[in-house]
Amino acid sequence: MEKQVPQRVGLLQGTLDMLILRTLLYGPTHGHQIGKHIQRTTNEFLQMQHGSLYPALHRLEKRGWVSAKWETAPDRNREFKYYRLTDKGRKQLVVEESQWKQMAEAVARVMWPAAEEN
Amino acid sequence: MNWWQFGRRDADLERELQSDLDLEEEVQRQNGLAGEEARYAARRALGNMALIREQTHEAWGWATLERLAQDLRYAVRQLRRSPGFSVVTAATLALGIGATTAIFTLVYDVMLRPLPFAQADRLVTMEEIAVEWSNIYPTLPVSANHFTFWLQHNRSFDSMAVMRQGSAPLGTDGRPLQVGVLTTTPGIFSVLRVQPQLGRIFALEEAQPGNEHVAILMYDLWREQFAGDPGIIGKTMRLNGFPYTVIGVMPPSFHMPSVLGPMGNANRPLPIEVLEPLAFSKERLAEQMGDLNYFGLARLRPGVSVAVATADLDALQHTISANLPANEKATLSVMLTPFQEQLVGNNRKPLMIVLAAVAGLLLVGCVNIANLLLARAVGQKQQMAVAAALGARRAQLVRMALRETVLLAVAGGGLGVLLAFVTVPAMQRYLPAALDFRGPLHLDWAGAGCALLLAVVATLLAGAAPAFMVSRTAPNEVLQAGSRLASESRGSRQVRRVLVGLEVAVSVALVLMTGLLTASLVKLMHVDRGFTTEKTMTAVIDLPTMSYPDDQPRAAFYREVLERMDRLPGVEHAAITSVLPLTGDSWGDMARVAGDNRPVTQLPLESFRWVGPEYFSTINLQLIAGQFFTQSDWGKDVAVVSEKTAKSLWPGKNPVGLQFTRGDRSKELPFTVIGMVADARTISLAKPDPMLIYVPYWYRCEQTAGLVLRTRQDPSEMAEAIRQTIWSVDRGVPVPTVRALSGMVADSVANQRFEMDLLLLFAVSALFLAGLGVYGVVTYSVVQRSREIGLRMALGAQRTSVYRLVFRDGLFPVAVGAAAGVGLAFGSARVVSSLLFQVSPYDPALAAGAVGALFAVGAAACLLPARRAAAVEPMQALRAE
Chain A
1 MEKQVPQRVG
11 LLQGTLDMLI
21 LRTLLYGPTH
31 GHQIGKHIQR
41 TTNEFLQMQH
51 GSLYPALHRL
61 EKRGWVSAKW
71 ETAPDRNREF
81 KYYRLTDKGR
91 KQLVVEESQW
101 KQMAEAVARV
111 MWPAAEEN
Chain B
119 MNWWQFGRRD
129 ADLERELQSD
139 LDLEEEVQRQ
149 NGLAGEEARY
159 AARRALGNMA
169 LIREQTHEAW
179 GWATLERLAQ
189 DLRYAVRQLR
199 RSPGFSVVTA
209 ATLALGIGAT
219 TAIFTLVYDV
229 MLRPLPFAQA
239 DRLVTMEEIA
249 VEWSNIYPTL
259 PVSANHFTFW
269 LQHNRSFDSM
279 AVMRQGSAPL
289 GTDGRPLQVG
299 VLTTTPGIFS
309 VLRVQPQLGR
319 IFALEEAQPG
329 NEHVAILMYD
339 LWREQFAGDP
349 GIIGKTMRLN
359 GFPYTVIGVM
369 PPSFHMPSVL
379 GPMGNANRPL
389 PIEVLEPLAF
399 SKERLAEQMG
409 DLNYFGLARL
419 RPGVSVAVAT
429 ADLDALQHTI
439 SANLPANEKA
449 TLSVMLTPFQ
459 EQLVGNNRKP
469 LMIVLAAVAG
479 LLLVGCVNIA
489 NLLLARAVGQ
499 KQQMAVAAAL
509 GARRAQLVRM
519 ALRETVLLAV
529 AGGGLGVLLA
539 FVTVPAMQRY
549 LPAALDFRGP
559 LHLDWAGAGC
569 ALLLAVVATL
579 LAGAAPAFMV
589 SRTAPNEVLQ
599 AGSRLASESR
609 GSRQVRRVLV
619 GLEVAVSVAL
629 VLMTGLLTAS
639 LVKLMHVDRG
649 FTTEKTMTAV
659 IDLPTMSYPD
669 DQPRAAFYRE
679 VLERMDRLPG
689 VEHAAITSVL
699 PLTGDSWGDM
709 ARVAGDNRPV
719 TQLPLESFRW
729 VGPEYFSTIN
739 LQLIAGQFFT
749 QSDWGKDVAV
759 VSEKTAKSLW
769 PGKNPVGLQF
779 TRGDRSKELP
789 FTVIGMVADA
799 RTISLAKPDP
809 MLIYVPYWYR
819 CEQTAGLVLR
829 TRQDPSEMAE
839 AIRQTIWSVD
849 RGVPVPTVRA
859 LSGMVADSVA
869 NQRFEMDLLL
879 LFAVSALFLA
889 GLGVYGVVTY
899 SVVQRSREIG
909 LRMALGAQRT
919 SVYRLVFRDG
929 LFPVAVGAAA
939 GVGLAFGSAR
949 VVSSLLFQVS
959 PYDPALAAGA
969 VGALFAVGAA
979 ACLLPARRAA
989 AVEPMQALRA
999 E
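Protein chains in written order, with our numbering: chain A, 1 to 118; chain B, 119 to 999.
In short, the hints are calculated from the structure, not lab data.
A couple of the hints might just be wrong.
Said to hold, decoys possible - In the EDC-like style, the derived pairs of lysine to aspartate or glutamate whose C-alpha atoms are separated by at most 16 Å in a straight line are:
1) Lys765(B) to Glu786(B)
2) Lys62(A) to Asp807(B)
3) Lys69(A) to Asp130(B)
4) Lys771(B) to Glu761(B)
5) Lys785(B) to Asp755(B)
6) Lys754(B) to Glu786(B)
7) Lys36(A) to Glu991(B)
8) Lys765(B) to Asp807(B)
9) Lys36(A) to Asp140(B)
10) Lys62(A) to Asp140(B)
11) Lys36(A) to Glu144(B)
As the list claims (entries may be wrong) - Chain A residues, not near chain B, derived (Cβ > 12 Å throughout):
12) Asn43
13) Asp87
14) Glu105
Even glycine gets a Cβ: it sits at the ideal position worked out from N, Cα and C.
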């Protein structure tokens with residue numbers, strides 16, 4: 001049976017994809033690290049369960065923006081699934097970033113018109 | 119995405135999530151949580167695992183498949199909960215789909231499958247029409263003379279050929295093999311666009327008398343009789359006793375249909391295995407209005423229609439007619455028919471009727487299932503209402519309602535295909551002889567496609583009504599109505615009654631149709647045929663041409679055989695005849711009585727038979743006047759005529775002692791009539807024989823003869839004695855086929871019997887299903903109305919009036935349906951009437967019988983629920999709420 005999906009997720013979902021791609025710009029990382037990184041960087045502002053990262057990661061992989069591989073972690077004797085940015089993913093990040101910027105500016109112009117005049 | 123990756127990818131995701139949990143647990147432990155608590159905290163941080171998995175699957179594109187699997191699991195669970203319903207439904211569908219597929223395969227093979235020749239749609243058969251004879255022979259085979267003229271002057275054909283099909287002994291060394299032979303003009307190869315795989319086709323000079331002893335073998339004969347000898351070309355074989363040079367072998371893909379036409383339906387012609395050239399003698403070619411003997415086949419030029427080609431040949435026929443001598447005046451034209459249509463012949467209609475009947479049965483089955491599903495849907499109303507209240511959309515509700523139907527259709531369809539696969543090969547023997555040349559019949563893609571289509575149609579037919587009902591579920595109404603009161607809506611009950619009416623209508627039509635055909639067949643088998651079959655054996659004798667080139671040695675052979683047969687113990691009578699009863703007709707000729715000087719073409723046409731003296735006593739043809747032939751008439755030109763012949767040649771006179779000549783042989787000595795026999799039905803049981811004239815075999819006899827024996831003992835023991843007697847005269851005669859005459863009578867109606875058997879099966883099934891339908895509806899309504907019935911009884915209603923109530927409820931749709939069914943059958947009367955024998959399609963007794971059968975079944979179906987209703991305890995029913 002289909003799940004009823006709240007509409008705000010549509011916005012968040014796109015945002016999450018961008019955040020993941022941005023995080024991977026630092027280098028290959030596994031899911032847990034990505035989650036921790038986003039939480040830490042936003043000062044725990046985004047209270048997301050990092051489980052929701054995985055569907056997003058798999059979606060990105062299917063689209064060819066990231067590639068995944070099981071590799072042994074450098075600091076411990078255990079394999080993790082490492083994700084890395086592909087060339088296609090890099091281009092996508094640029095696109096999403098510019099779209100996000102345009103949108104933020106548009107929203108800002110409506111919300112704080114005075115600030116714009118200054 | 120491949121299904122075998124499912125497990126692997128899922129395990130991979132599992133491992134990935136687990137490692138996330140492990141890491142998170144470590145983090146939590148570092149934050150100071152201990153053991154268990156750290157693990158719980160990690161799980162909380164990760165979130166709902168099942169949801170994550172589902173969302174990831176969605177990202178992979180698996181969701182649709184998963185939903186399907188879920189539907190399947192659900193449907194299986196639902197069906198397992200009611201095994202009776204599931205088995206009945208799946209079996210109904212399997213039978214309906216299987217039977218329809220099997221019949222469709224037969225129909226497809228006969229009527230739709232293209233003939234295995236290049237551009238087969240351009241092949242047409244050619245026949246002649248002579249207006250003067252068209253009342254007896256609507257069409258005639260082609261004459262050599264006319265064919266030659268067409269060949270030279272036509273503008274519409276790529277190529278044309280004429281041919282004759284026969285059989286001949288192959289080999290010499292005692293008991294040779296009888297094989298089918300096609301004697302054909304060389305044009306056949308360009309007409310059919312085929313070439314031998316070894317050797318060459320006939321040269322033109324090989325179609326000249328004296329050069330025609332060359333043969334082309336069919337592939338199977340070459341493999342079986344000549345061990346596939348690759349060096350066979352140029353070798354000599356014996357055919358008809360003569361040495362023939364083998365000049366070619368046809369490819370395995372080439373099969374030649376029988377061109378004998380519908381004649382002789384009690385004897386299947388031997389498959390054609392040898393081709394030899396047809397050489398016309400000068401006398402043949404000179405015969406302007408005789409020798410109408412050949413099967414014509416031609417290939418139309420591209421872009422030329424049948425109508426244009428007909429006009430072309432009609433113009434040539436006009437020229438021929440204009441140049442006929444005065445004593446042979448005839449008005450000629452042609453009849454061109456697409457080859458396939460010609461081969462299908464009169465088998466089209468019975469096949470279509472059987473197909474319609476089986477489709478009707480399938481329809482009844484589907485309606486029945488729809489009815490059962492509707493009842494179930496009412497039962498599941500609550501469930502649906504809850505789902506709707508919880509936010510399920512209309513499409514989802516319909517999907518919920520349809521998934522069981524789909525599963526049933528898939529199961530039924532699968533079983534049906536299996537059933538068809540098993541039954542189709544058994545239908546081979548019901549193929550028309552002319553079309554039984556393409557190898558074994560089997561279920562192919564056309565048939566399987568048909569089954570698939572039927573399964574889809576069945577799902578839609580059976581599932582539409584319940585789905586529609588479910589899609590209109592109004593949760594408030596249902597949920598507030600309270601559980602016990604949840605009853606069937608008036609609309610749904612109405613739909614169910616209409617469905618039962620439909621079932622009954624189709625069943626009545628089927629039963630009536632079956633009744634008509636059965637009555638026809640019974641009448642046909644009991645018609646006074648004018649001859650007897652008890653203890654009578656027949657055999658077909660084929661003499662090799664070389665040892666028996668003309669009448670004299672043949673007559674001597676037959677005489678010797680008959681004398682030896684007479685000496686066999688247990689033989690009462692032995693005779694030969696040119697044509698065995700019910701195997702067709704062969705020799706048509708005109709009788710000219712003294713003083714009749716009309717042109718030949720205007721003389722009355724009779725069927726001639728040459729027979730042995732004891733022919734009449736062997737099959738008990740009744741003598742009306744004069745006497746039969748006797749051995750003492752040997753050499754004399756005497757004749758026995760049928761009553762019909764006597765009445766039309768010499769109205770009002772006793773024919774005995776009168777004379778006639780064969781129309782075109784006016785110079786021969788006249789025949790003297792010595793006896794008159796009763797009319798019979800020796801050509802077809804369905805209609806009386808035309809005018810018949812019997813002449814003795816010493817006047818004329820051919821290479822092929824039918825032997826008839828009446829015995830005192832069990833005739834089945836005679837077969838070997840008959841063969842041995844024939845071989846004791848000449849070992850070079852091929853193995854004769856020995857059969858009982860009664861078997862040949864039965865075989866002549868084998869097709870009708872097959873149709874009747876099938877229809878009977880379908881009709882009984884339809885009756886059963888209709889009964890089941892009535893039972894379902896009535897039982898359901900009794901359960902629904904038990905409170906009402908209880909109330910009525912509490913108020914003083916008698917049990918008999920309860921019975922009446924239930925019967926009225928159940929039999930009303932039966933009555934309406936029966937009326938519609940009789941209307942349906944009467945409406946299609948025109949289609950069936952040509953298949954009936956001495957039975958009117960409007961026969962009131964049979965119509966009443968069919969309706970009566972349905973009422974009986976309907977009443978039987980009402981009985982059980984009615985008893986149940988009458989047994990309702992008023993207090994219990996009222997308190998139950």
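Of the numbered hints stated earlier in the document, which are not met by this structure? Hints 1, 2, 7, 10 contradicted; others consistent.
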